Structures are given as C-alpha cells and as structure tokens.
Amino acid sequence: MSTLTLPLDDNTTNDPKHRAPLIAGDQSLETLTDVVSGIVEQPVVPRSWYVAFAVSSALAAMFFALIGYLIFTGVGVWGNNSPVFWAWDIVNFVFWVGIGHAGTLISAILLLFRQKWRTSINRFAEAMTIFAVICAGVYPGVHIGRVWFAYWLAPYPNHMTLWPNFRSPLLWDVFAVSTYFTVSLVFWYLGMIPDLATLRDRTQSPLRRALYGLFSVGWRGSARQWHRVERGSLILASLATGLVLSVHSVVSFDFAVSQVPGWHTTIFPPYFVAGAIFSGFAMVVTLMVPARAYFGLKDLITVRHLDNMNKIILATSCMVGYAYGVEVFIAWYSGVHYERFAFLNRAFGPYAPYYWTMVTCNVIVPHLFWFRKWRTTPALMVIVAVLVNVGMWMERFVIIGISLTRGHLPSSWRMYAPTWVDIGMFIGSFGLFMTLFLLFCRFLPMVAMAEVKTVLVHEESHAAQH
Amino acid sequence: MTETTKNSTTPESPGTLAGIVARFETPETLITASRAVRDAGFRRWDAHSPMPVHGLDEAMGIRLTILPFIVLVAGLTGGAVGLLMQWYTNAVDYPQIISGKPLFSLPANIPVVFELVVLFSALTTFAGALLLSGLPQWFHGLFANRAFHRVTSDAFFISIDARDAKFHENEVRRLLESQGAVSIDSYYDPIKERQIPTLIYWAVAILVVLAPIPVLLIAWAREVPSSRPRLTLFMDMDVQPKYKAQNESPLFVDNREERPQVPGSVPRGRLDNDTKFVYGKEGDNWVRTFPESVPVNLETMQRGRERFTIYCAPCHGQSGDGDGLVSARASQRMEANWVPPVQLYATAVRFQPVGQLFGTISNGVRKMPAYGSQIPPADRWAIVLYLQALQRSQSGTVDDLPEEVRKKIAAH
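Quick note, the sequences are listed as chains S and H, same order.
The first sequence begins at 1 in this note's numbering and counts up one residue at a time.
The second sequence begins at 1 in this note's numbering and counts up one residue at a time.
Everything labelled a hint here was simulated from the structure, so no lab data went into it.
Any given hint could be a false lead.
[Said to hold, decoys possible] Derived CB-CB ranges, DEER-like:
{"id": "1", "chain 1": "H", "residue 1": "H54", "chain 2": "S", "residue 2": "V44", "range": "36 to 42 angstroms"}
{"id": "2", "chain 1": "S", "residue 1": "T376", "chain 2": "H", "residue 2": "A205", "range": "57 to 63 angstroms"}
{"id": "3", "chain 1": "H", "residue 1": "A205", "chain 2": "S", "residue 2": "L214", "range": "14 to 20 angstroms"}
{"id": "4", "chain 1": "H", "residue 1": "Y94", "chain 2": "S", "residue 2": "F85", "range": "22 to 28 angstroms"}
{"id": "5", "chain 1": "S", "residue 1": "V44", "chain 2": "H", "residue 2": "P214", "range": "39 to 45 angstroms"}
[To be verified] Here are some chain S residues the structure puts well away from chain H; computed CB gaps all over 12 angstroms:
{"id": "6", "residue": "Q115"}
{"id": "7", "residue": "T357"}
{"id": "8", "residue": "T376"}
Predicted model only: the values in this text are computed from it and were never measured.
Just so you know, even glycine gets a beta-carbon here, dropped at the ideal spot from N, CA and C.
Pulled out of the complex, with its shape left as it was, chain S reads as follows (with noise of 0.2 angstroms):
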C-alpha cells in the first residue's frame, strides 16, 4: 500500500500522513484562469465542436417539429392508450427531473458538508441541472393537450372564477419544478457572476465585452461584494439543499397519492429522491469524462472527483436496490391482492424485460464500484454510468407504464406501445440537452475558477506549513 508505486498524477489515495491535493499539477492562479477562460477563449473553434453542434442542434429541430406536430394533430400521436394516459412522456419528464437532481446536490448539500471537491465540478453539474428541467418541463408543458392553455395551471384570476385545486399532487409539482428551476437558475448565475467578470476582463472582442460585461453586472471582486455574494451562496445553498429533497418527493406524490396498485406506496418520496440522485451523478460521470478530456482539465477534475461521485452512485444505487425490495417485500406482506400482482406483473408480465433490464442496471452493475479498478479508469466508469442511466429510464417506465397497464379492472387491460413520435421526441430531448451543453461549454466557463482558487490557495498554505 505504497503511494510510490502511483502514478505520479494519481491523488485517489488516502494517506492519514498527507491530504491528498484535490487540484493536480502546477497549477497557480493564473494558469488556472488560463485554462478554463482559454475554453471559451479559443480564437479557432475546433471542427469537432461544430459536428457535435449540428448533429445535436438538429436534434433538438427535430424535437420541436414533433411538438409542432402534437400540438396541431393532438396527442393521439403518441401511443398513450386508456388506460395508459401517462406513458413516454411522464416517464421522460421524471427521467429528466431526477437527471438534474445531482447537480443541485453537489452545489447545495456538498457546499453546507464543506466538501471541497465540489468546487470543480459544480458549475458543470449546476448547468446540467437547468438544461435537464429545461428538458422537463417541455413534457407536461404537450402533455396536456391543448398545450395553448398550459397558463391555466397558474392561479390567476380569470373569466371562468375557476381556480386550481391546490389539494391535487399535480399541481403541487407545478410548483415544485418551476421553483426547482428558478432556484437552480438564480443559484448558478450568482456564482457565475465573478467568472464572467474573469471572461470580460481577459477578452479583446468588443462585442463579448459587452456581453460578459452586460451579465458580470460590474462585479469588482471588492470585499463587500464577496462578502455579500458568499452568505447569498450559503442562503441559497440552505434553500437547494431542501429542494433536492423535496422536489422529486413531489413528483413522487404525483403517484403515491392515487390508488393504482404499484404506486400507492408511502416509500416513494424517499426512493424518488434516491434514484434521482443516482441517475444525476451517472449522467454527470457519462459526460465530465469525455469533456475533461476534451476541454484538457484533467488537472482541475482529477480523478479523485470521479472517484468520489462513482461512491455516490454505488451508495445510492445501494439504497435504490433496498427500495425495489422493500416494495415487492410490502406488496406480499400487505396482502392486497392487486399490489401482490402489480408487482408479480413487473417481474413475470409481458413487460418482464424492462423490469429485469432495471434491476441488472440498477442493482447487480454499480456494485462493480467496490473495486477501485472501475472506479478510477474513465472509460470502464462510462460503461456504469450508462447502464444506470438505461436502467433509471427502465424503472421509471417500469413504474409509471406497467403499473397502468394492469389496473385493479381487468377488463380495462391494455398493452401500451410508443409510436414513431415518442421515440423520436425522447431522442430529440437529448437533442436539446447536449445542444444546450454544448453552448454552454462554448461560451461560459466551465469550471467555477473562483470557488477553485479558494480550494487552491488552501492548498497552497497547507503545503507551506509541512
């Protein structure tokens, strides 16, 4: 167990003797700024940015077209059926949802545990988090029908003198994903503000100057303004913090408060929220990987950071594991006839496969995670994390088509089948997701340098008292 015989780049190791260097390299302020302003900075663009730009902002074209199509054909031409109202579409919007619940946990809860490594990766997972309910929200937004009175779900005074029905779950998710989104998008620009202040400082072109300078609001870097802006972040963390939790509690009441067998189950909040902190940090790893590479910020996301998030998903997907058990496990002890075959239907049903797909991703995989091998090689980490983001899709379909397939009436049974439109519109939301990522990666800087400089001046004066 010597740290000799490491890679010299190698800081996953825990030795009592020395706290091992969260940033790598030789790294001072200066390069630091260098490195994440020079992403954005590059005078060429490489040719590879724009590929992955057009294939996914086509994409993206495509998403919106199939919703100009739903919207004036209807939702017909999706495969929703009766008594499956809710298939592709709620499935994707809780995929997307649980997707953005990973950054809100690493800027939010690691910030009040003092976790310094969060540093350099929160801005990237914070802007994952907006793009991932910005993907979201679209699905109920079509959803509803007659998409032109979506305004209706807000409580406004209006010629009807009708007003919402505030004791209905599904209103209360309205509200907790758009306050989700807010405060995540508040969140994130607040902490942006001295980087762009970093980006209209360095640039030449007059245009980006006032454009960074326009968003950097005149940050100075004054003693007051940090002073201000770091008890903001701390509020503002305390604030996330109970959103992480909260947020996919409430689309789980979406289901826990109905009384179809499968989803009345007093374990959903809490199971929601583990799964979407698990499938967060998969889709986190599936993308810092190749950006880290990509970009050259191996130093600043070193390898201890996908270490570090390989252990969350191995702990959340422990806990998702006890959760599927303890569902099968209540549905026998409960004795109800209807949930003992909800969920003996999952598992034996014609949809046996999606369920099995779930529990081998979700449950059996991850636990390749004890081993430090998977945890530290980038490209056997990747395979993980992309089994768990098929499986999270799997069990959300498992949860929410299933169930609804086999309700307590078996002469309303029917087998639920996407059409061409649902399979095109969840391709397209990935469409709209990296396209938005990819822009972000253009022109915001990536890595949250002022919050890494903190972590590296610390560094730096625990060095020198060795």
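Add chain H to chain S, keeping to what the hints say.
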C-alpha cells in the same frame, strides 16, 4: 518597493480623480495592508481579490450583512402568501369538494407553502446579495485601469476613494507603498462617452411605453362586446367545422349558413293542403268541429290524455287547475315574471271553438309558449279532444251520471 508613483501608467484622458488603486502580491499582504488602511481611519475604500480571502472581512472591519434577515422576512411572506392563496381560492372563493377532502387542511397545503417560501427567499437572496453590494454598476472608474483587470484572475488590490474625508493623494500613496504595494495607480471617473449611448436609453424607454399596448388590446377585446364573430386561433370544442344556425358563410351570396326554403317547394311530409287539419282554420275562422282525418273515439282521447300529461300538465296541472309543478314552484319562489296558467275549464276557455284550442297549442298565447314545433298536428288534435273531456268533467251535473249511479245517490 518596485514601481513607484512616477512611472505608473497614465490613462489616455484622465477625468476627475476618483481614487488610488494599489496592487499586492499575495492574500497575506492584502490582509495586513487592509488592516493598516482601516487603522488609518479610511471609510470609503475596498479590497479586491479574485476569490474570497479568508480573514479579509475581519481585517477590513466589514460587519455581517443583514441579508439573512431580509431573506427571513421574504420567506415568511412567501409562506403567508402560499397559505392565504390556498385558503382563499379553495375554501372561500371557489369551494369544491374533491374526493371528500376538507376544503382547507394543512397537510395538503404544505407542498405549495414550502415551494413559495423557497421561491420568495431565493429570489430575495439573489436580488439582495447584488443590491447590497452595490450591483449592478456597469460603469466604474476602476474598469478603465488596465492593470486592475487582473483582479478577476490572479491579482489583489486595495482601492481608496477620492471622496473619503481623509483622502490626500500623496499620503495615500505613501501609506500603500509602506504596506508593500507592488504598483500604485490613480483612477478616474468613467468618461461620458464610455457610458451607454443615449440611443439605447431611448429605445428601451420607447419599448417600455409600447410593451403594455398588446396586453391592453387583448383585455379591451375581451371586455367590449363586438358584432363580429371572435377570432379563434385554436379550434376548441366550441368551434367545429360544420354548419350551424345563425352563422356566417362566405359560400352564399347572402353570407348566411342557414338556407331559406326555396320558393314554391314543399319539404317531405309537410304538404299543408288540409288547412283545417294543419291550422284549425277555415278561411279566417276557427273550425268548430274536428277535421275528418281525426277519429273522435276513445283511442284518440287516451292518446290525448297521455300527451296532455307530458306537455301540458307541468304547468296546467293534471286537472287543468293551473297548479302544475312548474307553476307551483314559480309561485313558491314568488317569481315576479310568472303569469299563472289559466284554468282550462274557465268559461272563457270552455266555449272556445276546437280550432282555437288547437291554435293555442300550435302558436302559444300571450305568456304561453308555442308547442307546434314539438307536437305533431294529429297529437295536438288528440289533446284538444281530451281537453274537452277535462272541461266537461269540471262542469258536470248529477244528470250527467248513469242511471244506476243516480239511483244510488238518491238512496242516500
């Protein structure tokens, strides 16, 4: 000390002196220098760094911000708004029982209250953190100083404002120099030309003035009655692509969807050549006998009783007294506009020719609506026949009874 006052850079076009800015090498020197500046009694000054520097607040004597208290108030407001909104909308203004849930109960209202607490607090935190730190402030003298741009990368600065009561250029320079400043510069108020062009101000002002117009137009269109059909952007269920009464159609010269009967034509089954049967009239006079096509027998009368019970009894009552359910309800509610139905055996009605009774049913009379479109002529005649029996029943004498019954009564 390296560069001094003499060889510091001079800006292209200095305006009024806004202050002195000095660069320091490390966070540690920044902290000691800050302490010295504070001890020297300066009030309008600041320290600048690329990241928050631990211990700097203390050295500068910055007091804890009141931001958390502002946020607390905002959060409580958000919670109160959430609770009041749910109570007013669901329990007072639009109470509706759903799944037997109480109209107002905390458990169901917690999620929305929680979200609004978070939303109000977060937006206040964001606005508060910026406004309390004097942002946004897009123009500041320091931005014109090239060297200062490194503050967002790797350099540390102290700036002392010229408006400070203790500000004397040379003394300030000396103080900063003695604290180990690497370079010292003057900075100037931002030059007018560097500010936002007035054109943009005007453009924004005009936009702000124009922005409410579309909204006001929509509101106006919603409130004011119009003779033209409303615009329909989306086909809702009340707009169906089919012909309906009273609608416009560009297809015809008279722009009406309804087509009038072609002159001289007769719809199927509507040939009114028997005027006695269809109108109850001969020339201008009501007929006094039933038309030949109506058989006056028990069968017709029973048909008439059945139709009468359906169409007439709700107002006139089973016996023609005028105490039907509709009438009874109307008088119970003391409806001001209700005219009680005439007693059908009243003398004024009783001696009317059958044609006139038929006409009353067909065309209505005064307050009574017409039933011609609902009841076919043969049934109307059947009702008239029954009506006559009804009238007769109310004005009978003992002589009308059969022989046996009369004897029985006499025996008593």
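For each hint, the structure was consulted:
A hinted range of 36 to 42 angstroms for the beta carbons of H/H54 and S/V44 is consistent with their spacing of about 40 angstroms. Taking 57 to 63 angstroms as the suggested C-beta distance range, the pair S/T376 and H/A205 conforms, at roughly 59 angstroms. At about 18 angstroms, the CB distance of H/A205 to S/L214 agrees with the hint of 14 to 20 angstroms. Between H/Y94 and S/F85 the CB atoms are about 25 angstroms apart, so this pair conforms to the stated range of 22 to 28 angstroms.
Checking the proposed 39 to 45 angstroms range against S/V44 and H/P214 shows it holds: the Cβ atoms sit about 44 angstroms from each other. Residue placement check: S/Q115 keeps its beta carbon more than 12 angstroms from all beta carbons of chain H (closest about 17 angstroms). Even its closest Cβ contact with chain H, about 33 angstroms, leaves S/T357 beyond 12 angstroms, as expected for a residue assigned away from the interface. The non-interface label for S/T376 is consistent with chain H: the shortest C-beta to C-beta separation is roughly 29 angstroms, beyond 12 angstroms.
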